[in-house]
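*Asks:* Sequence:
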Amino acid sequence: MTAGAEATRVVADPARCIGSGQCVLSAPAVFAQHPDDGRVLITDRRPAGTAAETARQAAQFCPVQAIRLIEPERRG
1 MTAGAEATRV VADPARCIGS GQCVLSAPAV FAQHPDDGRV LITDRRPAGT AAETARQAAQ
61 FCPVQAIRLI EPERRG
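Residue numbers for the sequence shown follow full-length UniProt numbering, so the first one is 1 and each next one is one higher.
Quick caveat, the hints were computed from the structure, so don't treat them as lab data. We put the CB at the ideal spot given by N, CA and C, even for glycine. Accuracy of the hints is not assured; some may be wrong.
[As the list claims (entries may be wrong)] Pair by pair, the computed Cβ-Cβ distance ranges are:
1. 69 to 33: 13 to 21 Å
2. 14 to 49: 22 to 30 Å
3. 75 to 38: 35 to 43 Å
4. 18 to 75: 35 to 43 Å
5. 19 to 57: 13 to 21 Å
Input sequences plus hints: build the corresponding full structure.
*Replies:* If you want it as structure tokens, here you go:
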């Protein structure tokens, strides 16, 4: 990523999360689970490359859609 370039941003709703762990299985470089309740923790809010792709998969696999990716606007 070049200086000033926008990256995909990961957001999650811990209140919606049921702690299934699908996000961690899909994208361990981006997600973890809270040690007390198992809910989603984001360890990389702006993943790039392969990590961004696995984060997209994790969002698709989440059984309660607690994860969302905000993609940068394409210009040009």
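*Asks:* Using the Cβ atoms, figure out if residue 14 sits within 22 to 30 Å of residue 49.
*Replies:* 26 Å, holds
*Asks:* Okay, residue 18 versus residue 75 on CB: inside 35 to 43 Å?
*Replies:* 37 Å, holds
*Asks:* Residue 19 and residue 57, beta-carbon distance inside 13 to 21 Å?
*Replies:* 18 Å, holds
*Asks:* Is it true that residue 69 and residue 33 lie within 13 to 21 Å of each other by Cβ?
*Replies:* Because 19 Å falls inside the window, the suggested range holds.
*Asks:* Does the Cβ distance between residue 75 and residue 38 fall inside 35 to 43 Å?
*Replies:* 39 Å, holds
In summary, the structure agrees with every hint in the numbered list given earlier.
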